[in-house]
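There are 2 protein chains.
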Amino acid sequence: MSTTRELFNVRTPPDALQALLGALPRSSASEVVATADALDRVVAQDISAPGELPTFRRSTMDGFAVRATDTFGATEGLPAYLEVSGEVFMGHAPEASLATAQCARIATGGMLPDGADAVVMVEQTQQVGPTTIEVLRAVAAGENVVQPGEDVHLGDPILSRGHRLRAQDLGGLMALGITSVPVSPRLRVAIISGGDELVSPDSEPGPGQIRDINSYTLSALIRRDGHEPCLAGVLPDEFEALQVAAQRALAESDLVILSAGSSVSTRDMTAQVVDSLGQPGVLIHGVSLKPGKPTILGVCSGKPVFGLPGNPVSCMVTYDLFVAPTLAHLSGATAVPRRTVTARLSRNIASATGREDYVQVRLEQGEDGGLEAIPVFGKSNLIFTLIRADGMLKVPLDVGGLTAGASVEVVLF
Amino acid sequence: MSTTRELFNVRTPPDALQALLGALPRSSASEVVATADALDRVVAQDISAPGELPTFRRSTMDGFAVRATDTFGATEGLPAYLEVSGEVFMGHAPEASLATAQCARIATGGMLPDGADAVVMVEQTQQVGPTTIEVLRAVAAGENVVQPGEDVHLGDPILSRGHRLRAQDLGGLMALGITSVPVSPRLRVAIISGGDELVSPDSEPGPGQIRDINSYTLSALIRRDGHEPCLAGVLPDEFEALQVAAQRALAESDLVILSAGSSVSTRDMTAQVVDSLGQPGVLIHGVSLKPGKPTILGVCSGKPVFGLPGNPVSCMVTYDLFVAPTLAHLSGATAVPRRTVTARLSRNIASATGREDYVQVRLEQGEDGGLEAIPVFGKSNLIFTLIRADGMLKVPLDVGGLTAGASVEVVLF
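From first to last, the protein sequence lines stand for chains D and Z. Numbering (my numbering) for the first sequence: 1 to 413. Numbering (my numbering) for the second sequence: 1001 to 1413.
Hints in this document: simulated from the structure, not taken from any laboratory. Among the hints, a few may not be true.
Residues from chain D shown here face chain Z by an in silico Cβ test under 8 Å; the list is partial [unchecked claim]:
no.	residue
1	P50
2	E87
3	G91
4	S265
5	Q279
6	V282
7	L283
8	I284
9	K303
A short list of chain Z residues far from chain D (calculated; beta carbon distances all over 10 Å) [as the list claims (entries may be wrong)]:
no.	residue
10	S1030
11	S1048
12	A1093
13	G1109
14	G1172
15	E1367
16	P1396
Remember, predicted model here, so these are calculated numbers, not experimental data. Quick reminder that beta carbons are idealized off the backbone N, C-alpha and C, glycines included.
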């Protein structure tokens, strides 16, 4: 009975996430960091170009800066003759402007002299005297030249608030002389592991005990996402101890994760702790998801608080589905697509309609050279299925399963 | 003439890379780091399990530990009656073993008492007296139980040399009490930017000058790949200055990148510098690739030295094609698939057969909900085409182009 009731009362993963995010403010906090150190940081305000690029007319070829009209009609049979009046040195303004029938030697990236409006590639010329060349092909005005502002104009929007900075974005900022940049502060995420059976990884577990691992897996995921994990330690399954730790964590952090056990009593205790921390408390208790159904999503005094299931597979799945997007939301980041590959499913997978299933898969090169996704089955409280797997695939809410041979998108992890 | 000759003499990108890697030793250096800090590090030696997991028989459900034979034949109409002889507390060995027709209350993750060999879910029982339950469904031996070693056996290989550690791998190591791990040292990569036209990003460029950006783009890419960039600074296009800087960089680093200008004379000077640093010197000068044709790959005194083209797009493409795999090779890392998405090409792209082309694309949601890849064209010495793009697609060596509507794999950057 209880199972049936839960199955129909729980929310779908997208609904659950929306209910949580809708109850959370976006922070407008920002801090300024050196552009050189800003890889993967999230831009905190729209940035527009403080100048134009390039700032001068640049040659895109090695050759000769010319007046295009002087080359009109030039062919191999009937070349145009030009006087080489000088050379443009890299990093310097040309010494003189071009008069009619003059040209100047120029390298890729060099600045066009006044009077010049195009560049003839060196391969399309022939030196015929100490200061005379033949031009074997006509060029149009602007040919082989980048114009001022052609790359970016003054005032062009270049990066939007919420954009996660990539290597080339840092280069673009530097090109414009923007050597520091406003970014969203890294968020502080507290992790509390609860369980009478848990011991620290450097201890030898006694009978009935296991080592805490979710603290470390979650820490690594939080770092991967650009934020700061803070381990509040392993606590026993006691309401008061958990509540005290969670209260402190809530005061000191931007987001709190309670990684609880998988028994009904510890899940209920987690919900009570979340409810005790502040209004509105638990928003969602149970999601139509496998693994990860007993997930708790709450908001306490304006901050998100999560109760994630204790088993390692559920813990990772629910982090990615709920915590990662919440961190992105809080820091104003636009969503980043996860690393995925397309593969062919090796066998049928059954699933209940009305539930999102996440299935761990190994990837292997198939006989035809394509990738094959091979489900790695195992009870969801095993750890090493996660290590043997290369990624997960989603069986959507509205399908009853997937058939062998189907093309599937695997999220790598 | 010169263009034609180069086109037929240059190597394909895979050939060029193979020639370079074949001339380089794999390092066997390793260092030990705390597992908690080892995210994204590369495992330096094969690791096998120092123990088994789980170490005891664990329940996967909330319910009652039973002797399966005591439940045989049980149905809702004809339940089995069992005496509740006690309760298993989390993190403790059960106090007593089960006698015939006894059971013990147990939570998910609890340790089975001696005598018990299965767990009945609480939903399939009914409390009928202070110490008596009805079992409404028979269970088989082993049902709802994880056996010792079921997750991992003593001596099982768990992580191979060359594997890049993910969040769940750290969890798996911690579960086995492996709190420190041998990894490949981060490699030190020197970057030398050469060009008379270059000034530092915090300077105001004069006429004909531009700000150095490749130093910063390359630094970010090297950090992304888990290594340590070291900026040797901006140098003029003078053989001696470049040679002195490159010699020092080679002595102090594991890999040297010379980011040179795009003119023929600076490319030739870069090749001379590489040749002057040690045997064998330049291995490859020119690759059938666009952009990135003037790439120089060399080995000097056992270390790789790269001459990357100065224009920003070529610089990024050639880093990813040549430097990134060389760093992986040197640190013994197995290749990591790049983050890719499948999209539909929005228009025809022409390309020369016998050359790999990399085309920058923007991604947009198409009318049918699928992703559309829209080429972002622009002279390859523009910077902001890289920023307006979401990724690149490859036009393979042996095709003359791609047609609109083709399904293409876009490498995100």
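Discussion item. Can you verify the interface hint for E87/D: is its Cβ closer than 8 Å to any Cβ in chain Z?
Written reply: With Cβ-Cβ at 11 Å, over 8 Å, it is violated.
Worksheet item: Regarding the hint that G91/D lies at the interface with chain Z, is the smallest CB-CB distance below 8 Å?
Response: G91/D check passes; min Cβ-Cβ to chain Z is 4 Å, inside 8 Å.
Discussion item. Confirm or reject: S1048/Z is not an interface residue toward chain D, with every Cβ-Cβ distance exceeding 10 Å.
Written reply: holds (12 Å)
Discussion item. Does S265/D hold up as a contact with chain Z if the rule is Cβ-Cβ below 8 Å?
Written reply: holds (7 Å)
Practice prompt. Compute the least Cβ-Cβ separation between S1030/Z and chain D, then decide whether it is above 10 Å.
Written response: holds (20 Å)
Discussion item. The hint names P50/D as touching chain Z; please verify it with the least Cβ-Cβ distance against 8 Å.
Written reply: violated (11 Å)
Practice prompt. Compute the least Cβ-Cβ separation between G1172/Z and chain D, then decide whether it is above 10 Å.
Written response: violated (5 Å)
Worksheet item: Is the shortest C-beta separation between I284/D and chain Z less than 8 Å?
Response: violated (21 Å)
Discussion item. For E1367/Z, is the shortest CB-to-CB distance to chain D above 10 Å, so the non-interface label stands?
Written reply: holds (20 Å)
Fill in: Check on P1396/Z being off the interface with chain D, judged by Cβ distance over 10 Å
holds (14 Å)
Worksheet item: Can we keep the K303/D interface hint, with Cβ of chain Z closer than 8 Å?
Response: Violated - the Cβ of K303/D stays beyond 8 Å from chain Z, reaching only about 23 Å at its closest.
Worksheet item: Holds or violated: is there a CB of chain Z closer than 8 Å to the CB of L283/D?
Response: At about 24 Å, which exceeds the 8 Å cut-off, the nearest Cβ of chain Z leaves the hint on L283/D violated.
Violated hints for the displayed structure, listed by number in ascending order: 1, 2, 5, 6, 7, 8, 9, 12, 13, 14.
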